[in-house]
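Colleague: Using the sequences and the accompanying hints, generate a full structural model.
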Amino acid sequence: ADDSGDEEPASQSDKSELHGPLKTLSSKLEDLSTCNELIAKHGAALQRSLSELENLRLPAESGEKIKAVNERATLFRITSNAMINACRDFLDLAESHSRKWQRLLQHEREQRIRLEETIEQLAKQHNSLERACRGAPGLASATTSISSTAKGSVQSAKGEASDEDEETEYFDAMEDAPAFITVTADPKHHRRSGSNLSGASEGHPEDWNLEDSVFESSNQSSYNESTCKDLLPKKRRRTRIPDKPNYSLNLWSIMKNCIGKELSKIPMPVNFNEPLSMLQRLTEDLEYHELLDKAVKCESSTEQMCFVAAFSVSSYSTTVHRTAKPFNPLLGETYELDRLEELGFRSLCEQVSHHPPAAAHHVYSRRGWTLWQEITIASKFRGKYLSIMPLGAIHLEFHSSGNHYVWRKVTSTVHNIIVGKLWIDQSGEIEIVNHKSKDKCQLKFTPYSYFSRDVPRKVTGVVSDADGKAHYVMSGTWDEKMECSKILHSSHGSTSMEGKQKTVYQTLSPKVLWRKYPLPENAENMYFFSELALTLNEPEERVAPTDSRLRPDQRLMESGRWDEANVEKQRLEEKQRAVRRRREAEAVEALEEGKDYEGYIPLWFERKVDAITGELICVYKGGYWEAKDKQDWNMCPDIF
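Numbered as in our numbering, the sequence shown ends at 640 without a single skipped number.
These aren't lab readings, by the way, just hints derived from the structure by calculation.
You can trust all of the hints, since none of them are fake.
Distance ranges between label pairs, derived from CB positions:
| id | residue 1 | residue 2 | range |
| --- | --- | --- | --- |
| 1 | Ser128 | Ile612 | 34 to 44 Å |
| 2 | Ser353 | Asp467 | 33 to 43 Å |
| 3 | Ala578 | Glu615 | 24 to 34 Å |
| 4 | Glu61 | Lys384 | 50 to 60 Å |
| 5 | His415 | Leu391 | 17 to 27 Å |
A virtual CB, placed ideally from N, CA and C, is assigned to each residue, including glycine.
Modeller: Put into structure tokens, the structure is as follows:
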């Protein structure tokens, strides 16, 4: 982020402080350049004179001395050029570091101003709440002051009081980080008969029911009870894999063997991998599928949006410790996850393109939803880190309501590629749109900053309806949990330095929608796999011959036989290259004959123009599960 160039310009005084020393350095550099030109000019003249002396008929001893002087003059000229270049590099370095420290100083100033504005806004909100409390007799009799004895919806049911600091929360808004102020209220004094959360979005406290069947309490035990009931498997599956071998890896030994080779022929060893394919990693997004099962039960579309938003964040929870890359699938490779009887869904992935790599994914759930996507991975190596940008839209449709949600993934960044311990961060924004009701949810993944006081891996967002009215505040972290707070009232706060007006949201107590499952025992020696990930590569009968479970190099790596896995990986990649060369030859032949050549045609998916995004995507055309029932795999290519 130091060299991104996206930062705001500094003030005039800061610029003058910065440009003064730079001008002095620049003038000194110009002086050095002038001196360098003079040295070069006189050095060249000196060398010409020495060359003329060499051509004269002089004693042998004099000729040798002149030659020695000529060599020294050449060395002097080279040294002076090097000095000038070093001075120029120093100036560039000084300029870049000056900009960096200027940005850090500007950031601290903005943080201080933002804190002052937040405190001022809090004081105004506090006064307005006290006035509202005095004007409401029912409230005044129940509590003397909201700021001192306000009770949360969960704590109220238990008869517990809490302090103001524990009841009031602050959230950053999307556009310009306004403050979202959460002031909890006692639902006992606000509930009307027959009220229900699903009839909601009117901003009334009575819509936030503790007994609601969809939204769970933020209490940890009730959360675990509600989720574990649906996750008890009917079939016993494995809970561990062989420990990861402790192989030392010399990066330079790999790089020096690649010098002079064609990039596509460089075999990357499995040492950088984990024993799962990209198709299996894509399927791993379904680990918290029960969020979608709960979303089916929601009567309100904005309510449902909260669960969809939590589901979109949950797919990143497995990445926090997973720094190894998955295997690149071979063209035509598939992966199925049939949990129809156990968990109510079945999933199918297929690698539909190799350059660029693209995977199509389709999930059907008998509990009332269907999800499909085509993801293409684009990456950029930026020296110290690697940016991974998933391209393509994710579609989710609920059968009974017809609500159709579309969103895209954020950018993943792998830091310390060359030196240091690898770590992963997620950054960017997700906009989830319900194309039936036009509801929206804006989620912001805050990038990690050493100088930020925010919680690491923070995610915040707002759920709003078609008219732009905000209904819920989403908050949490992408590696731990997501909470939802119902908005009672919104107001405009103070204006920021950029001229944008801040928004203040008054909300009820947050409720946990999603919490990450703990990793299994000994996970650090099993590639930090979750319980689901441990089962993804478990051998199964009756799967297609192109299934990732049958990939030999991946299976050898999982067994700890890495040397054999590297040999097998190279064989598979060479086999795939041979197939690609044959297709290219067929394409040239068809072109010479004036015929059309379609290229590779996916087996279980077909390309169609998406009616919502207008993009050409691969959608499931059917036939796989029928072929599995008949065990008719004649149409599958021989890729392994």
